Amino acid sequence: MTAPSGRRPSAGALLAVAVYAFLYAPLIVLVAFSFNRARLAARWEGFTLEWYAVALRDQHVLAALRNSVIIALATTVLATAAGTAAALAFHRLRLRAQGTWDALVVVPLVLPEIVLAASLVLLFAAMGLRLGFFTVVLAHVAFSLSYAIVVVRARLAGFDRSLEEAAMDLGASPLRTLRHVTLPLIAPGILAAALLVFSVSIDDYVVTSFVAGVGATTLPLHIYSMVRSGLSPEINADSTVLLTATVLLLFAAWRLEQGRRPRQVAVPMGLGLSLLGAPFLLAPVPLTGADRQLNVYIWSNYIAPETVRRFEQRHHVRVNVDVYDSNEALIAKMQSGNVDYDVICPSTYTVQSLVAQGLLRALDFSALPHLSNVDPRFLGRRHDPGNRYSVPYFWGTTGIAYRQSRVGTVDSWGALWDARFRGRILMLDDARETLGAALKWKGLSVNTTDPASLALAQRALVAQRPLVRAYNSSNFEDVLLSGDVWLAQGWNGQFARAMAQDADIHYVVPREGSMLFLDSLAVPRGAPHPALAHAFLDYVMEAEVAAEICRTMQYSTPNRAALALLPASIRDNPAIFPSADVVARTEIIEDIGAATVLYDRLWTEVKTSR
Amino acid sequence: MSPRHRQAVLLLAPAVLLLLVLVGGSQALMLVASLGRRSAYGGVTHDWGLQNYLRALEPLYVRVLARSVGLAAATTIACLVVGYPVAYWLARRAPPTMRRALLVLVILPFWTSFLVRMYAWMFLLRTEGLVNLALGTIGLPALSLLYNPAAVLLGQVYGELPFIILPLYASLEKLDPELLDAAADLGAAPGQVLRRVVLPLTWPGIVAGSILVFIPSLGAYLAPDLLGGARYVYVGSLIQGQFAVARDIPFGAALSFALSAGVLLALWLLRRPLRAGAG
Amino acid sequence: MGRGAVSLRGVSKSFGTVVAVRDVSLEVAPGEFLTLLGPSGCGKTTLLRMIAALESPESGRILLSQRDVTDDPPHRRPVNTVFQHYALFPHRTVAGNVAFGLEMAGRARADLVPRVERALEMVRLSGMGSRRVDQLSGGQRQRVALARAVVLEPEVLLLDEPMSALDRKLREEMRAEVKSLHRRLGTTFVFVTHDQEEALALSDRVVVMNDGRIEQMGPPAEIYDVPRTRFVAEFLAVRNILSGDVQSAEVGATVVRTENGLMLRSRAAGFVAGERVWVGVRPERMGFDGAGENRVAGVLEDRLFLGDRSEWRVRAGADLLTVSEPGTSAGRQAGDAVTVTFEASALLRLVEPGRRPPRP
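Protein chains in written order, with the numbering used here: chain A, 1 to 610; chain B, 1001 to 1279; chain C, 2001 to 2360.
Hint data in this document are derived by calculation from the structure and do not stem from the laboratory.
Incorrect hints may appear among the rest.
[As the list claims (entries may be wrong)] Derived list of chain B stretches under chain A, where covered just means 3 residues or more per stretch with a C-beta under 8 Å from a C-beta of chain A:
#1 1068-1081
#2 1166-1178
#3 1208-1221
Given the structure is predicted, the values throughout are model-derived calculations rather than measurements.
Virtual Cβ for every residue (Gly too), placed ideally from N, Cα, C.
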């Protein structure tokens, strides 16, 4: 018998339906694409369960999923408990300077995540905490505690104090009053806080990426790390499973709340729990502190689980594989010196930076006999003369992929400045790559620090801006494949996969020359297991192993001996293995020290130009 | 100290300790860094000064900030306009047995990676995407839905909507239905009931929700980058870039402190209207 | 003509499977003070809310001052309500609350202030206009709610158990205040309560409701003296209710034999020989060892002292009677043998729609 009802047309209900449709539209797409045969989400190519099979077998992703759930649950318990307690205290104590306390609570909400992330690494190093599970949970508590306090306080705002007084009057001790009266009454607030905390924890990646250590890679970290090589539909399958599990559990909880007996909800409950439990059973348990183990820190999709397994068998060790999503997260961790990785996979400029800071261990070549398999073109480059600290692992080029039926044949950077293709051009969202393309077009070096050259390149980019549809460094191959753009600047590995799906797409390294990237394996100075690390480096340089890695990952291997073992479809693909004269025209992007700031500023100016 | 007082202090201790050590401690380190200079390899040199803060005030960066404030304000308003009626429906009209489940359904999409969901939006909105396919089947021309400010706003609203619906729901649920009856009985038309009674009484929820949306929106970068085609720089990607690309930690820290200080100052200056909206 | 008249014609309302009001028809005269009396859940509040348009009837029509207002929303109906929990707006001051309706009607500010002040004066709250409502006592809130409703000069004032949250002393004060307000304003009052004393004290006419229906209506004295159904009798404190068979049904001299063998005489009309009935007697119509055609032997069990009278429970065979006696009944004590006496005119004939008294 509350508000007048029935007479009003339920415009509210219609709007609610629309909003739920809005919130769930992308999830429906995601579920649909978990059954799509195509590797890239551009179009529907038929039904398949393949991605579920892949997801089930991918121990790295399963482990990441398990870690995410554990970390989110631990964070939820800690942050909700501490937050509820604090909210209760604020409610009871009429604190002097309540404003100061409020500010303390609000600050974590105001801080950009990246700032908290970078500073927490410094803090944990100063406190002598090794990066790992524990530091991730602490960091998540740091930024989610405020949500919990704010939400529970809002609930307490309407709380009738006489109820507490009644309980005490009836002989309940303060503690029992809290347990039997206060907490049940503010339970909806606590539940809301817990939900919010769980949600921000399970989807966090910025902070996690900086403070995660051995064995603590989470699912978002894995996903962001995959962006570099293209997101696999396997992630859609994983997300679908997680979504189904939570919906089943939610449904079971809802029926229980409506008074059903546990037996009546056994099916959804059991199904939901077993789906959630699967990663716990299937994923390997991370080992820490054991002697026979190796901790590898690498981009995702950079090493096949099969390759890792064979190394484990040969050396009777366990290998923990953690992934990162930016070279900066890697550098921050190496600088902090409180993480236990044995093998890392820095890009060229990162190698330079780490070497300059004395953070890498000089390699012992006597333990690396298979280094002779590596193509000399990739050895002794300027970022690590004599390869004292790093061995090449993968390489690739920046170039232009284009839709031939629309733009004809392209062989110059000038195509990206062609006014006929206005609104059909995509550029990488990266200062070094875009300025690099303009510099190369003008016949200059991509590592120049000459202000006049850079000004020239910047002017070119400002002039180009009206022609550009989007700047994108993550799923640019997808944008090209879908037809939104006809010309795209990007890296060859992702374009190779797009070409496999659409014969109209071609890739070229422009005749003016381009950028070459090289990802290397290196051993940090403080690596706990240097001998095993060398064994691993040598192992991946064996011809068969390098060929296997190249076959599964479809990246260009610098391993000459492996080429003979590759199928023609890969070996003869010009997008994966460009000809020697193309490689000769490329330049490696090097660390340019203080001039990095100048590049960033020029790029910001390009993007704020009219 | 009374036992009651002692209990409250004990309750407060864990949260305050965590916040002081983790947030206070780390930000103290950052504050020091913001006064230094970038070293050649992206470290921090001990060359103290306010140069980074002065740099943050250059017109180039002020323009970036102004654009970000505009986006955050637009996001907040759009979230309020969409979120308020939905929260109202959830709190006062939805079948009571389903309310809690419906609320959880609001937040549930957030258990799937935001990046993955942004990719899905790109798929829906692009030239040959599902939305245009649907428009095509009913005979309408395809629209250019991606890579414009509207797409950025859509992505932002998508990302922030639950954070406004939850606090709004909490305050709307507490609203005494007899007050609405009384207002109608005293001659207030539905619109007047909303404006003169419901909005003032749910003001705390509106303020809390707006803050929870506005502040993170200032730091937004995924929606502008993916749905907007990264055509403009927002302060979120600017700061992100200082740490992840330019490796200019001192400038990134200074930008972040300037931003946080600005937000805190604004909250403090607006504390009276924010609190007194109810009166 | 007829300003303030209320007509309900065949009004029904249910909530889900629960029927709150069943086909109720009722006429309220202009200026009348009408009370809807009944236990909680009897439908009285729903009926009131339908008059205020806070609920809409599923069937039936509602007329105000001879105008069909069934489909008018609440803000268009010239009625105002004093709510059970007052429903004062916490974000407005006392004056702000009283002025709310005037603002909604678009009254000019200059007109508003004196009217608010007059309304506050009327409920003896002059000078309290700037107070916040959470600074007021229960009685003061009640007065603000009254002022807020009457300042709009409604055609009908609706009061939904307005005194249920007050203590006894305040309640009695407010009772007098409401009565005098009614006299001064001359407006139609429809008042909802579950308190029979309040209903009898205030009303021109009382409507007793049970299970969504009107059980009986009439002036307070009639309802009190001649309750017609067992429900009304019980609700208005007829304590001695017995079932029995009508032995003989001569007009003015009916004899009823109760279940436990008492032979009682009644002057009430409507008895039919051989039927099974309920009969009832008010405790204050009974006495000890006095005059009266009905005499029942019994033993005193215990006593409740109520100030101006005492109430005895008397064991009479298998029956337990309640007898009221003025004063302290100092001479009696539990265990005394007594004869309970009462006039034949005191024995009421009670029916119970839909249920017959049990056969022995």
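Checking against the hints above, which ones are violated? Per hint list: single violation, 1.
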